[in-house]
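Protein chains in written order, with the numbering used here: chain A, 145 to 510; chain B, 13 to 593.
Think of the hints as simulated: they come from the structure by calculation, not from any bench. Do not rely on the hints blindly, as some may be mistaken.
[As the list claims (entries may be wrong)] No more than 25 angstroms apart at the CA atoms, straight line, and that leaves these computed lysine-lysine pairs for DSS-like:
#1 325/A <-> 347/A
#2 448/A <-> 401/A
#3 213/A <-> 84/B
#4 480/A <-> 469/A
#5 263/A <-> 471/A
#6 368/B <-> 347/A
#7 469/A <-> 401/A
#8 401/A <-> 263/A
#9 84/B <-> 263/A
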Amino acid sequence: MTLFRLLALPAAGEASLWLPEQASTVAASVDEAWWLVYWVSAVFFAIIVVAQVYFMWAYRRRAGWTEQKTAHHNFPLELTWSIIPSLIIVVMFVKGFLGFLDMRMPPADTYDITVVARKWSWSFIYPNGVVHPELHVPVDRNVKLVMSSDDVIHSLFVPVFRVKQDIVPGRYNYLWFNATKPGTYDLECTEYCGTNHSEMRTKTVVHEPGGMERWLEDRIEDIMKMPPIELGTLLYNQRGCSQCHMVDGKGGTVGPKFEQTFGNRHQFTDGSQAVGDENYIRESVMNPQAQVRTGFPPTMPTYKGLFREAEIRGLIAFIKSQNPKFKAEAEREYAKPAGETEAGDASPDSDLPDGGANGAASADEN
Amino acid sequence: MATILETRHADVMPLGHAPQDNYLTHGRGFLSWALTLDHKRIGVMYLCAVCSAFLLGGIFAMLLRTELLMPKNGPEDVFLFTRDAYNQLFTLHGAIMVFLFIIPGIPAALGNFILPIMLGAKDVAFPRLNLCSFYLWLVGALFFVLMLVTGGLDTGWTFYTPYSTSTSTAVVTAVFGAFILGFSSIFTGLNFIVTVHTMRPPGMTWFRMPLFLWAIYSTALVQVLATPVLAITLLLLIAERTLGIGIFDPALGGDPVLFQHFFWFYSHPAVYIMILPAFGVISELITTFSRKHIFGYRFIAYSSVAIAILGFLVWAHHMFVSGQSAISAMVFSAITFTISIPTAIKIFNWLATMYKGSISYATPMCYALAFIFLFTIGGLTGLPLGTLSTDIHLHDTYFVVAHFHYVMMGGTLIAFLGALFYWWPKMFGRMYHERLGQISAVIVFLGFNATFFPQFIMGAKGMPRRYANYLPEYHAWHVASTIGAYTLGIGLVIAAIALIWGLYRGKRAPANPWGSATLEWQCSSPPPHNNFDAPPVVGDPYAIHQLVYDPDQSAWVPRQEKIVESEAMLERHTDAGTTGH
């Protein structure tokens with residue numbers, strides 16, 4: 145009985161020999177379609193193989209047996225075995241198509257998460273601006289992923305949700321689901337993308353009611369507790385600065401290198417000049433078109449509203465520390481955690497959750 | 013090989029057979045082969061060539077299965093090959109197997125040898141084009157070798173953009189090789205179409221053509237109509253890579269999904285280029301070794317044509333998760349389902365042919381029976397991939413890998429082996445080692461299932477394909493699959509030994525060792541240079557009951573001439589009666 149259940153008819157939502165457990169609202173419908181096709185196939189397979197094996201035995205060439213003359217064709221029979229499968233495949237097609245429509249059409253009220261895929265990592269950007277390499281979602285809520293790629297085609301696949309969608313560079317692709325079971329699951333890239341394609345895996349964490357909000361606050365907490373230079377480094381890598389600004393010989397070349405930004409005098413396209421100080425960096429992040437350096441295109445997007453004060457302090461600390469002349473000064477100046485100066489905004493330490501399930505999930509930062 | 017055969021041939025002469033000019037002894041020396049216009053010699057050269065390619069692709073398969081014996085811990089952890097080396101292994105395995113082996117396998121190697129004789133013709137319509145097609149294959153293969161030594165290839169055999177336009181491996185060399193191989197395929201297809209249309213002898217009507225010819229003819233139509241699209245696509249890819257013209261790369265204003273449409277517009281019909289000839293082979297084997305007239309000739313013939321046509325209309329089922337519109341997904345899913353019907357018809361007809369037959373377990377039949385079992389699994393597992401909602405889950409997992417190996421290897425390769433054993437006596441005039449052949453079929457069958465059935469389970473659980481590393485929960489399945497692959501490899505080596513043994517030690521083959529009624533068994537083994545001195549008498553290709561076994565010659569011979577004639581007349585009358593409506 146257990147074997148039978150394992151092979152064929154698992155209790156609702158459980159893992160079987162074939163499929164992993166179900167953890168989304170669409171998974172049940174996908175699995176129904178699977179079991180429909182599975183059983184139809186099993187019956188046809190049994191008919192074919194039983195007939196084949198019986199014929200192989202009963203009509204084997206042997207002394208005393210000669211072949212019998214039978215009809216060369218039988219139109220009604222051939223029509224029958226053409227029409228019956230035709231009717232069955234219509235049922236399969238309709239079942240699959242209806243399930244697919246549900247998977248493809250996101251409901252109106254969704255919790256949106258931005259996904260950026262690149263060789264070979266994921267960035268999930270949450271509504272409050274937190275960026276994290278793992279997908280965290282609330283349970284029983286419609287979640288929509290707005291996905292783009294920085295380089296080649298990737299594909300996001302969560303087996304327990306039964307959802308998958310390619311992420312094609314140059315456009316946004318969408319994926320929606322409603323997770324039904326709190327827990328930690330696998331998330332994989334399923335479109336071949338080069339060297340570390342098979343390492344482009346991360347976790348999907350489905351939070352209990354309220355857990356998602358707490359986890360997001362914890363991530364902000366983490367940011368506040370980081371030393372500013374370290375926070376700035378993280379933001380530089382995670383939030384797209386490295387696409388254009390070079391540091392230690394690595395990164396893009398569209399914008400100025402950060403080595404000379406702090407403490408040097410810069411020439412702007414409107415003819416004015418200024419020394420790179422804290423205010424200059426802040427202005428360049430919040431309102432970049434106000435002072436465009438000569439020799440560089442005016443392509444920097446504004447980050448107004450996307451960074452917290454602590455994060456801007458972190459960026460300033462990071463950029464200042466890149467100029468060798470100011471490195472020591474920056475390290476002295478920004479020794480304390482980034483959130484320290486705005487203790488009013490941050491939650492007191494005593495409020496921190498004990499870092500149980502959520503703490504473990506966020507450990508894999510690199 | 014030719015010289016060995018000639019000496020052996022000379023040895024056997026005194027045994028009572030009249031000295032006889034055959035295609036192997038007709039002309040000697042390297043140039044008589046290299047410049048031959050004889051379709052049989054071209055077929056033999058093609059056979060050596062595609063088998064070498066198969067060996068190379070098979071070695072890559074063994075290496076990648078070996079790498080997958082162990083799961084690894086993080087990107088720095090290496091078992092035998094680096095991640096890049098693994099990516100090259102699966103790419104080269106796929107590209108070599110598809111472009112150099114499966115596509116030319118049955119049509120160009122066996123089709124070239126058999127088609128004209130089976131049709132009752134002296135040669136193909138354009139013998140020079142035929143030789144040209146072989147040399148184009150060689151040039152294409154040389155480009156693949158050049159690619160191997162100048163950086164390899166790591167794009168997957170599908171060359172998806174923008175990965176293929178941005179990677180540093182020798183994409184242009186490989187793509188140009190595939191471009192040339194495409195012309196080789198077009199030339200073969202064109203030649204076969206014209207041959208079938210214009211070179212049928214008197215009496216060879218369309219509905220007297222053996223089903224192998226219907227299958228090869230349908231294949232040829234697809235080769236001629238679909239391959240040019242591949243050629244254009246590959247040229248555009250080269251243009252984008254070398255000249256920076258933005259067609260597929262979004263950074264240059266192109267669309268990567270457009271590449272997928274172009275690519276699959278060829279490569280899905282190409283799936284039928286690979287499998288249709290196998291259907292033809294199985295029709296011949298089942299009827300011969302069951303000693304039964306084929307059941308439902310017209311349904312089988314028409315289903316080949318239907319598959320060839322429908323095969324053009326299903327390409328986007330490879331792209332259900334690419335972001336194409338739901339409506340196009342619906343249309344392509346629906347058409348995909350319709351293609352399962354003609355395929356099912358063939359399987360039912362083969363079974364009905366076995367009904368009340370006298371089933372021999374000669375090696376070709378062992379492979380044909382393995383084909384029915386394996387291809388049924390391959391076909392049925394196509395259903396959850398055509399069903400939209402389940403395809404979303406299964407797409408790009410091992411389930412797909414297992415599915416297409418059951419079709420391409422369990423189907424086409426098994427049929428290729430069956431065909432090779434079946435026609436080997438005709439091609440080289442000697443019987444293979446029967447017992448070894450049967451053992452090889454059993455080992456190949458078991459090894460194949462052990463290799464690929466676990467992959468269905470892994471795929472359904474969510475194991476993505478093209479992964480050099482995997483989660484520990486899949487470890488046991490991967491080990492089972494690798495052990496299966498080694499078994500399969502051993503089975504294939506035994507099959508090769510059984511065949512090659514036959515060249516040196518095999519009994520001399522009679523004209524008709526199997527009791528088949530198609531025309532190629534009317535000429536001697538090996539066939540004479542001109543196939544037939546006079547146009548052969550064409551009758552029902554499946555009138556197997558007209559042949560009786562003569563133990564003195566260990567061969568099948570026609571019943572008494574007069575009886576044969578009167579029966580043939582009768583057969584023609586009944587045929588006319590039944591096919592009239």
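Verification of the supplied hints:
no.: 1; hint: 325/A <-> 347/A; in the structure: holds, 14 angstroms
no.: 2; hint: 448/A <-> 401/A; in the structure: holds, 22 angstroms
no.: 3; hint: 213/A <-> 84/B; in the structure: violated, 60 angstroms
no.: 4; hint: 480/A <-> 469/A; in the structure: holds, 21 angstroms
no.: 5; hint: 263/A <-> 471/A; in the structure: violated, 32 angstroms
no.: 6; hint: 368/B <-> 347/A; in the structure: violated, 58 angstroms
no.: 7; hint: 469/A <-> 401/A; in the structure: holds, 15 angstroms
no.: 8; hint: 401/A <-> 263/A; in the structure: holds, 23 angstroms
no.: 9; hint: 84/B <-> 263/A; in the structure: holds, 19 angstroms
Consistency note: the structure conflicts with the earlier hints numbered 3, 5 and 6.
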